[in-house]
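Be aware that the sequence shown starts at 1, since it is given in my numbering, and climbs by one per residue.
Worth flagging that the hints you see were computed from the coordinates, not collected in a lab. One or more of the hints may lead you astray.
Restraint ranges, calculated between C-beta atoms of paired labels, are given here [said to hold, decoys possible]:
1. Glu8 <-> Gly56: 18 to 24 Å
2. Cys55 <-> Ser17: 28 to 34 Å
3. Ala65 <-> Thr2: 15 to 21 Å
4. Ala30 <-> Glu8: 24 to 30 Å
5. Ala79 <-> Leu16: 15 to 21 Å
6. Leu78 <-> Gly56: 25 to 31 Å
7. Pro9 <-> Glu33: 17 to 23 Å
8. Ala65 <-> Ala30: 14 to 20 Å
9. Arg7 <-> Arg48: 19 to 25 Å
10. Glu72 <-> Phe18: 15 to 21 Å
11. Leu78 <-> Asp57: 24 to 30 Å
As the structure is a computational prediction, the values presented were derived from the model and not from experiment. Even for Gly, the Cβ is constructed at its ideal location relative to N, Cα and C.
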Amino acid sequence: MTQDTFREPVHILDSLSFKRAVASAGEALAFLENRSAAWSKHRGDALRDCRAAICGDLGAETARASFASYAEAACICLAEVPLAAGEAIARKAGSGF
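Let the sequences and hints guide you as you build the complete structure.
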């Protein structure tokens, strides 16, 4: 686990409407750099915070919160991603993956 890794990923829909889990400031930064300037205030804050987290000047969870705010403002944040069917069944049965 690196210094820019989030405790929990931010689940989003990417530009092709595929579910994606963003698990670090580096992944968030790469995503943000490939997006248009839409939602520019939130995007600008997230870009700044992700860069700072990668450099170690800011905590990863602060960058995560900033990226999550951007994702919510851009209407691409997924509140909850359902488990794969096999994993849900296994958890219910009490076996671990």
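Against which earlier hints does the structure fall short, listed by number upward? 4
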